[in-house]
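Top to bottom, those sequences are chains F and Y. By UniProt numbering, the letter at position 256 of the first sequence is numbered 256, and the numbering carries on one by one without gaps. By UniProt numbering, the letter at position 146 of the second sequence is numbered 146, and the numbering carries on one by one without gaps.
There may be inaccurate statements among the hints.
Below are the DSBU-like pairs computed for lysine-lysine, each with C-alpha atoms no more than 35 Å apart in a straight line [said to hold, decoys possible]:
| id | chain 1 | residue 1 | chain 2 | residue 2 |
| --- | --- | --- | --- | --- |
| 1 | F | K144 | Y | K120 |
| 2 | Y | K157 | F | K101 |
| 3 | F | K28 | Y | K68 |
| 4 | Y | K68 | Y | K120 |
| 5 | F | K138 | Y | K124 |
| 6 | F | K28 | F | K96 |
| 7 | Y | K157 | F | K96 |
Derived list of chain F stretches under chain Y, where covered just means 3 residues or more per stretch with a C-beta under 8 Å from a C-beta of chain Y [what the hints assert, rightly or not]:
| id | segment |
| --- | --- |
| 8 | 54-62 |
| 9 | 98-107 |
| 10 | 236-245 |
It should be emphasised that the hints constitute simulated quantities derived from the structure, not laboratory data. Quick caveat, the model's predicted, so the values are computed rather than measured. All residues carry an ideal CB built from backbone N, CA and C; glycine is no exception.
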Amino acid sequence: MLQYAYYPGCSGLSSSIEYDVSTRALCKSLGVELVDIPDWNCCGSTPAHASDHLLSASLVARNLAIAESMGVAGIITPCPSCLKNLKTTSLRMQRKSFHEKVESIVERPVRADLPIRSVLQTVLEQCEPEAIAKHVSKPLKGLKVVPYYGCIMNRPPDVMTFDDPENPTSLDRLMSALGAEVLPFPHKVDCCGASLGLIRRELVTRLSGRILDTAAALGADAIVTACPMCQMNLDMRQGQINRANGTRHSMPVFYYTQLAGLALGQSESCLCMDKLCVSPSRALSQMGTPAQEERAR
Amino acid sequence: MPETSAKDGYNSTFLQQVQEGSEQNLNRCYQCGNCTAGCPLSFAYDIPVNRIMRMLQAGERHAVLSSKAIWLCASCETCTTRCPNEIDVARIMDVLRHMARREGLVAEPPVRHLWDAFLKSVEKYGRVFEAGMMANFVGRTGRFWTDADLAPVAIGKGKLGFRPHSIKHQNEVQRIFARFREQQ
């Protein structure tokens, strides 16, 4: 069994706690062993890279250095923003002058040579969807989902080197393997508005509203996502979006790890389904019922 | 839209500074417009991103650094992904924000305040303390109404903690910030 240094990211401790809990559960059931990076610090997210690249890299590098001392196969994280920061820093540190500057600020040696991947990529590379299907005890039968990757799980392609930057299919394949009906979704990698919700809410209600509108128009029962920021905008802000746009969406927004856990037989409470703001109970209770199967046909 | 036509005069060092800071060759931009076509926030920008690229080539330092667009960019990487000339446009937007900040030309101060509040929290605790960051942001901007409707939901769901998740060696992160400032 390969051991990975796990970087949960700050939101995993609060606003996306259900993502962290269900990620750990999924990895455990698929034999992906996670060891938390001890005393990890925030990567700085967008506020750091938008303020200064050296500061951003230095915050990331402390985590890289700790992970390197763990003797693991690589670093994995569920959060696309943490992932992009970790991978960008590791790449930029290949340049000697920048490497030296970062080390002088972090005050410790940093190799920056460990492979860094998302949990999504790791799960799919370690277990083919067909192999995952063998673990399924409760298929997501009749659940129509649209996969929403967010902007940066696959972008920029030179840095992220995973899946297609315009039309990724990893989540689609995983959800299909779990028995869900995956609808083709044109907004797979479109921006939700990110953190602009705090400053210019109308930008987020417009961008995230379009994602909800299309998902509903396609007849989806739920959106499935891999990004804490996207999930928060679509789920916690859904009321704001409805008020701004005059819509009445009631669209559950799951983390893919929650739906995977469900299919693998974990309980709704263990997967923190109650943490979702838009109740998923109707979508979940309809799953596998004859009426739903009829509709799915 | 602001008047931008060569009012600044040509600033010959500006292009060079942006190129060095971003490690990109801006002369490769031939104005195909792909960045603007794909940008999800073009509708909110005062200057579309392809025009920013052209204004960089034209050395219009002040107009570019005082634009709102560079602060509304969400770093979604669509422009970088679609540029046919492999210019990392999102990285250039980052570098423009760095420069605008240093020169006191921030056209969307709330964005800067939010990021500063976020980084303050990281500096203090080693990780972001969301409730503390929000309080700091409100203190800086006076925006008491910011997401006031979401607070009960977030608290009810246990998604907004009242205590920071401090790391053990906060001093190491504080030293990173201190040494970074020394080098500025």
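Hints, verified against the model:
no., hint, result
1, F:K144 to Y:K120, "42 Å, violated"
2, Y:K157 to F:K101, "42 Å, violated"
3, F:K28 to Y:K68, "46 Å, violated"
4, Y:K68 to Y:K120, "23 Å, holds"
5, F:K138 to Y:K124, "45 Å, violated"
6, F:K28 to F:K96, "38 Å, violated"
7, Y:K157 to F:K96, "46 Å, violated"
8, 54-62, "holds (count 5)"
9, 98-107, "holds (count 5)"
10, 236-245, "holds (count 4)"
The structure does not agree with the numbered hints 1, 2, 3, 5, 6, 7 stated previously, though it agrees with the rest.
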